[in-house]
Amino acid sequence: MNYLIPLEHYGKLEVRREIAEYCKNRWVALHCEKTGENGMQIMIRYRRGRPLVINSESEIMELIKSYENYRPRAFYATAHIYSRLNNREDLLDRNNIVYSSPVWDIDSKDGDWRKVIRKAQEIVSLLESFGVFKSVFIKWSGRGTH
Numbered sequence: 001m002n003y004l005i006p007l008e009h010y011g012k013l014e015v016r017r018e019i020a021e022y023c024k025n026r027w028v029a030l031h032c033e034k035t036g037e038n039g040m041q042i043m044i045r046y047r048r049g050r051p052l053v054i055n056s057e058s059e060i061m062e063l064i065k066s067y068e069n070y071r072p073r074a075f076y077a078t079a080h081i082y083s084r085l086n087n088r089e090d091l092l093d094r095n096n097i098v099y100s101s102p103v104w105d106i107d108s109k110d111g112d113w114r115k116v117i118r119k120a121q122e123i124v125s126l127l128e129s130f131g132v133f134k135s136v137f138i139k140w141s142g143r144g145t146h
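Each residue of the sequence shown is one higher than the last, beginning at 1 in this note's numbering.
Since the hints were derived computationally from the structure, they do not count as laboratory data. Each hint should be verified, as a subset may be incorrect.
Calculated pairs, DSS-like style, for lysine-lysine (alpha carbon to alpha carbon, straight line, at most 25 angstroms) [claimed, not checked]:
id, residue 1, residue 2
1, 134, 24
2, 24, 12
3, 109, 139
4, 12, 34
5, 109, 65
6, 65, 24
7, 119, 139
8, 109, 119
9, 119, 134
10, 24, 109
11, 12, 65
12, 109, 134
13, 12, 109
Just so it is clear, the structure is predicted and the values come from calculations on it, not from any experiment.
Can you build the whole structure from these sequences, using the hints too?
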């Protein structure tokens with residue numbers, strides 16, 4: 001992957017704002033291109049022993065610059081929203097979870113993205129039939145949607 005593409009993308013203010021808004025009170029991971037000794041791409045989940053968090057859009061470029069040697073390429077955030085994220089123990093405390101977002105992962109085995117979209121639409125329709133519609137969003141990632 002051309003490392004300049006993620007840098008250009010995260011350089012956009014609207015992208016950083018959306019990421020920061022979604023990541024608020026969530027445990028964050030920074031997915032990097034560089035691989036570890038095991039051959040797997042590095043995921044940075046902690047900073048100075050504390051869970052990685054993003055509280056503002058300005059922190060996104062700061063994180064990218066701090067870990068530029070690892071070539072950051074994507075941000076991930078938990079489905080859980082926490083009351084506090086000060087230490088590792090906060091992640092283990094179920095009473096610290098304020099909300100959880102249900103997530104469906106729809107991948108395509110044969111590469112037909114149209115099937116993925118149809119399945120996502122079915123799930124959205126079902127949720128809408130139960131009155132859930134304001135907090136539903138679909139994101140595309142690689143082979144499918146979440």
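>> Run the distance test for residue 12 versus residue 109: straight-line Cα separation, threshold 25 angstroms.
In response: It is violated: about 33 angstroms lies between the C-alpha atoms, which goes past 25 angstroms.
> Has the given pair, residue 12 with residue 34, been kept, meaning a C-alpha gap of at most 25 angstroms?
Replying inline: holds, 23 angstroms
> Taking only the CA atoms, is the gap from residue 109 to residue 139 under or equal to 25 angstroms?
Replying inline: Roughly 18 angstroms separates the two Cα atoms, so the pair holds.
>> Hint check: residue 24 vs residue 109, CA-CA at most 25 angstroms. Holds or violated?
In response: violated, 33 angstroms
>> Just to be careful, I want the Cα atoms of residue 109 and residue 119 compared with a cutoff of 25 angstroms; is the pair within it?
In response: holds, 13 angstroms
>> Need the status of pair residue 12, residue 65: alpha-carbon distance at most 25 angstroms?
In response: Holds - the C-alpha atoms of residue 65 and residue 12 are around 15 angstroms apart, at most 25 angstroms.
>> What's the verdict on residue 65 and residue 24, does the C-alpha distance respect the 25 angstroms limit or exceed it?
In response: With Cα atoms ~20 angstroms apart, residue 65 and residue 24 stay inside 25 angstroms; holds.
> Does residue 134 lie within 25 angstroms of residue 109 when you go C-alpha to C-alpha?
Replying inline: Given that 25 angstroms is the threshold and the Cα spacing comes to 30 angstroms, the pair is violated.
> Does residue 24 lie within 25 angstroms of residue 134 when you go C-alpha to C-alpha?
Replying inline: holds, 18 angstroms
> Do the alpha carbons of residue 24 and residue 12 lie within 25 angstroms of each other, as the hint requires?
Replying inline: Status holds; Cα separation ~19 angstroms.
>> Holds or violated: residue 119 and residue 139, Cα atoms, limit 25 angstroms.
In response: holds, 13 angstroms
> Does residue 134 lie within 25 angstroms of residue 119 when you go C-alpha to C-alpha?
Replying inline: holds, 19 angstroms
Of the hints listed earlier, those the structure fails to meet are numbers 5, 10, 12, 13, in rising order.
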